[in-house]
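Visitor: Let the sequences and hints guide you as you build the complete structure.
Chains as they are written, first to last, in the working numbering: chain A, 1 to 313; chain B, 1 to 505; chain C, 1 to 335; chain D, 1 to 324.
Keep in mind the hints are simulated off the structure, nothing from the lab. All C-beta atoms in this analysis are idealised placements derived from N, C-alpha and C, irrespective of residue type, glycine included. Don't take each hint at face value.
Listing some non-contacts, in silico: residues in chain D with all C-beta distances to chain A over 12 Å [said to hold, decoys possible]:
| no. | residue |
| --- | --- |
| 1 | V182 |
| 2 | T187 |
| 3 | K315 |
| 4 | R318 |
Here are the simulated DSS-like cross-link-like pairs (lysine-lysine), alpha carbons at most 27 Å apart as the crow flies [unchecked claim]:
| no. | chain 1 | residue 1 | chain 2 | residue 2 |
| --- | --- | --- | --- | --- |
| 5 | B | K390 | B | K343 |
| 6 | B | K182 | B | K193 |
| 7 | B | K343 | C | K272 |
| 8 | C | K323 | C | K130 |
| 9 | D | K315 | B | K343 |
| 10 | C | K323 | C | K277 |
| 11 | C | K323 | C | K272 |
| 12 | C | K277 | B | K121 |
| 13 | C | K130 | B | K113 |
| 14 | B | K390 | D | K315 |
Chain by chain, the residues:
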Amino acid sequence: MSRRITSLLATSAAIALAGAANADTVRIGITQNNVGIDSYQTTYERAFIEAADANDDVEVIVLDAGGDVARQISQMQDLIQQQVDAIIIWPTDGQALVPAVRNAHRAGIPVVVTNSNIAEAGLEFIAAFSGPNNIQQGIYSAEMMCEALDGEGQIVQVTGMPGYTTAIERQQGFDDRLAELCPDVVQLDIQPGDWNRERAQRTMETFLTRFDNIDGVYSGDDNMGVGALNAAIDAGRAEGMVFIGATNFAVGYDAMARGEYWGSVYQSPVDDARAALQTALDVLAGEDVPLLNYFDTPKITQDNMDEFDRPVF
Amino acid sequence: MTETTTQPALRLQDIVKTFPGVRALDGVSFEVMPGEVHALLGENGAGKSTLMKVLAGMYQPDEGLIFIGGGQVRVANPMEAKAQGIVLIHQELSLAPEMSAAENIYLGELPCKSFGRVDWKALYARSNAILERLRCRFRADALVADLSIANQQMVEIARALTVDARVVIFDEPTASLTDAEKVVLFDIITDLKAQGVGIVYISHRMDEIFTLSDRITVLRDGAYRGTLTTAETDEDAVTRLMIGRSLDLSQRVAAGEVGEVVLEARGLSCAPLYEDVSFQVRAGEVVGFYGLVGAGRTEIAETLFGLRTPNAGTILIDGKEVTIGSPQDAIRLGISLVPENRKEQGLVLGMNCRDNMTLPQVGDLTTGPFVSGGAEVSIFDQYRDRLAIKTPSWRQPVGFLSGGNQQKIVIGKWLSMQPRVLIVDEPTRGIDVGSKSEIHNLIRQLAGQGYAVIVISSEMPEVLHVADRIVAMYHGRVMRSFNAGEVTEDSLVQAISGIGNGKAA
Amino acid sequence: MSTTNATTPGPAAAPLRWLMRNPIWGFVLIIFVFFSLATDHFFDIRNFQNIMVQTSTIGLIALGMTLVMINGNIDLSVGATLALAAAFAVDVQSWAMFATWGNWQIFPAVCAALLVGIALGALNGFIVWKTGVDAFIVTLGAMLGIRGLVFVYTGESSFYAMNFAYSDFSALSIGPLPVLALIFLACTLAVHLLLSRTVHGRNAYAVGGNREAAINAGIRVGPHMMVNFMIIGFLAALSGVLLSTQMGAATPNLGRDYELWVITAVVLGGTKLTGGKGDIIGTFGGVLAIGILRNGMNLMQVPAFYVYVILGSILIAVLFLDKQFNRRTQGGLRL
Amino acid sequence: MLLTRLKAGGPAIAKQGILVAFILFMIVFSLASDRFLSMDNVMSVLRQSAIIGVMALGVTVVVIGGNLDLSVGSMLSFATVLVVDLHDKIGPEMAIPVMVFATLCLGAINGFLIGFLRLNSLIVTLGMLSAIQGLVLIYSGGQNVDIVDQSGTWFRFFGRGAILGIATPIIIFALLALIIHVVMSMTPFGRKVYAVGGNPTASVFSGIPRSRVVFATYLISALCVAVAAIILGSRVMGSQNNVGQGYELQVLAAVILGGTSLLGGSGSIIRTVLGVLMLAFIQNGLILMGQPYYTQWLVTWAVIIIAVWLDVAAKRGRLFSPIA
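Guide: So, in structure tokens, the structure goes:
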């Protein structure tokens, strides 16, 4: 995986830098996945704009793909056409953006991928990836689940929007690790919650009527996790049920404080945004940036939650 | 007849066609010889249009035979009829508005080059030739939506000329034509006739029929009443055959006391539809508005009912000036309108009889917040009995009733509102003769009960039969006003043709 | 009686009258000038190339939707059809049986995708024809069902094309024109010719404008409508194929909500939902209007949230203005 | 030609096609899964269908009046975000009326454009769908909104409470269905909606204020959305900005399945409730049978077309369309 940045990339970065040197500032374009679908992305956007505003040498163009791959491709084209100095992209789909990223690469514009990575075929065209390791997050969640259940029990899983990379990677990390670590934990079923608390609540309600014994629930993020928790509380079955999520939301943090929620993965959109911008600036400055820049997303549980600030989203 | 052949171009024998509740055609026979203009005559609802649709293959007769050129045939659809050389020129325009005149003329058989391309050159050449023959002043590439109604009618006629027609059926072709256009049309008919084409000519206008036709067949109540040779008959004989008796005005229900003026219009104008119209209607009196379609009569009614804003003039109720801004205003003032087009304007066809009848007052028939079904049924029962409406139950959707019963529902709807002024627009359009005289008598009775009634009609017998006074209209103007006693058919015909001296009522 | 040919236009009035008939092009002109003045990067040949490529997706479907809507029908299932076709186009090229075909493996894949589109269109059309159920309902059902098929087929994950030649195709240009834009323009021309020059196209106006008359004139209305559903199925599939070449992949959620944008574009272009009226010139204008607005607002950095409001308001405003302009005298009757 | 009737008994069954299909599905599912008809499951399905159900009631009224409403989805997002956000700011007793008022304003815009200006309802509500979604995002800045004190507020009653062991959403849905059913079938207003939808021209000629009636149907639709938002907000105790996305189509599918004609003038609230329940039970039953969630879309496709087809066929008296 640790592919070196090719010399080609370095040159293109240098060219870009030279172009930037003429002007006073560097122009960085960002195209995000779907701002407004949940607070994480919105907070990310705010943090990104704040970080950029704080730096006088940076001018940013902030775009949102609204979850639509085609629109994100158009936005990539627009950014390439405007000859920005660097592009940051939060791919709506890891696979489908490869050609667009390749086009940027060919146009000599360095691309930094943020939050969820692009497919392997595209790695050679990007300057760097900055973001959480979603597979690792799935692994963390599996480990917490194992620990909470003492290696035995029946669980269900609520995944994110079907077809989206983050959802797929977390599920993959979780499933693989769980099977390997504690084969006695049985996954009864997996259904989507679409990153939507109400959907997750409905999904969980159906699980609850279908299965008499559910010991644990893994949700693709805390927003859905809290939905699942709500369903279990309403059904009077939350006692003793283990809820584990990912991307710790404020609601999840609070539920953890109340002792209703077991654990999650702490991931700060502010760190995510800052890391992305910094990575882009480093690339533009010609520094030797590693290809994959994972920022730390530690486990957060009822035991260690005091070490973390309550998430702002 | 110029042709030597004795075979009729088209012959129908003992045709029967029934619809739910109506026997629209009851053993009708009819024939057209090549090179003959055969007029088909009858009042509205006599079965002319049904017969015509059977001719054109749009309806399948339940019984009876059709012969074309001597051989018996089955005409399953309009295409087959056309293929047999039978062409119908619709009264209701059946054109596609966003296509050119030429495309409409050749609809369904556009000339075609390779790859399904339209052969515009051929299309326009042929269409322009036909339009020239019709002496139309618009080009074949004009969009139909941009043409006047008269010109659209010409396109409809042009359609008939595209095929080698054996028989052409004209259904009220002159309804929207100017005099000049009429002349052209008559020339065309004469041409066709000379070519040995059989013509079926349907019209209300006696003068046209007597100018054009060779023979006249009369239908009444869906039944065949006889065929006359035009040269050997006169209007009286035809009229008698049509309405089954001579006009006998003494038979009508006597009017009651004529009271005060209830409704008055002074210099009412809604240009360009009608201008400077003044009239009075008294309680207990029936005023007939007589004129051709498009003379502005319906538009006056719509103005009185609050559906049009007049641009000049005043309306007075009981001598007080009123503004009628909406139908609700009109209803409040006691004005009711039984509209011209029953199915589109008068009824909600999917609704049951009772609900249709109580629609305008449903807001008042309540106990608490709910509609009182009991009150509704009792109103329905009352008017069903009073108007002799035939329906199995009030639950019957109105769409399943016969035209006459439908019309009575509409009349009942307004009578139950206890109006002071009742405006009835074409009260017997599309209604069989039996119900017709019932409705005429009803209108007379209503006047007798003190209602002020306005009847709008384009049927002379009708106005003569029901009205105490007749206002004759032509081109949006009141030509003359007659008292029932002093009117003659001639003077009426002259007035509505714009011949009479324009004297306002 | 009035005759309408009385108006004798002066030579200068002709373009004006054309604009009155196609008000959307006036709008396109206005926003074109506006964005050219308001932002630096808009008036640029490369940006125009982008706009053409970006509009091609919605645009291709809109061509088909124009036909279907002139018939008085509608097709809500196009977004799902697009996704299924894209999935086929990407997946079939990796089938083992074509492994030795080299770059030619793309060919059967694209054919399969287009056939899927045509077949789904035929299914919709056949149901509309035979059952007499309103096309809105038939295609609303199909929109859900075909999306289900996409998920069944893809098993919820994205497909991707191993062969970069596939995604390279989208980057090709012929002269100044990107090949995707070229295909879109070619299809626009083809459908325009179909609609304005062929018997089938002309009949579409009769079927939508006066169905009774069309039936009486012997036009086979059922098969006619079915053919148009097949055409829109084909165009939706083509659009899906072209989109997948831009992505080198196909995602199961592709094309969600596209039906709404397509309808918006077609309605902006002056086609009536009730049928019988509309043309490709207008639709092309409607598609461009949306494309330019989207692109221009991106360049001006209008926040995404406001873009929704602006696009929604423009749609309603255009509808309102259209009603004001085209108010053919209903005789002044207040109904 | 149109008179070829189906044989006696045929139309009666076909008219109740939705009911027959509903019963069939219930039998199949209860055979396939012993949990399907358990009290728990039935209650859970009813509770889940309440939100879509409540919205479908309003849309049914609009459709009977001869129009469409596609804006209900984003209007639901709008109302839910608003009520949840205001809950912590001004308290639930103020948040609910403010939200209801704001939602009614959106309904009034729809009603004005469609009722009074006579613009096409499909396009207007399509535009509103987009515009309102934008409004929500602008209002919230794209952030999720949450109620912090989830257990201490009486607001929780609407989505999570129960009366006599029956969940409040079910009771609200049933009550509202009853009220709107009564309004539509027993009051003058309901009669007028049917008349306007059945024949707008004739209703004007009968002195019915057509524009105002249409306007009112959109207010009812908005009111139903507001009620749905209260249930949703209370159930979730938070909201995302796109929470109602796609609801408009599910709602419309339920209304269509209930046999309400898109042409207007016919349809019934009770049958819409059947349509809603049918969709909910199909979804639930398939999941209980262990089918992936997307199978429900395929089944819905078939069910919608067959149900409406039977309906249409019963009305025209023959199975296939006479169009050549």
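Visitor: Any hints this thing doesn't respect? Which numbers, in order?
Guide: Of the numbered hints given earlier, those the structure breaks are 8 and 13, listed in rising order.
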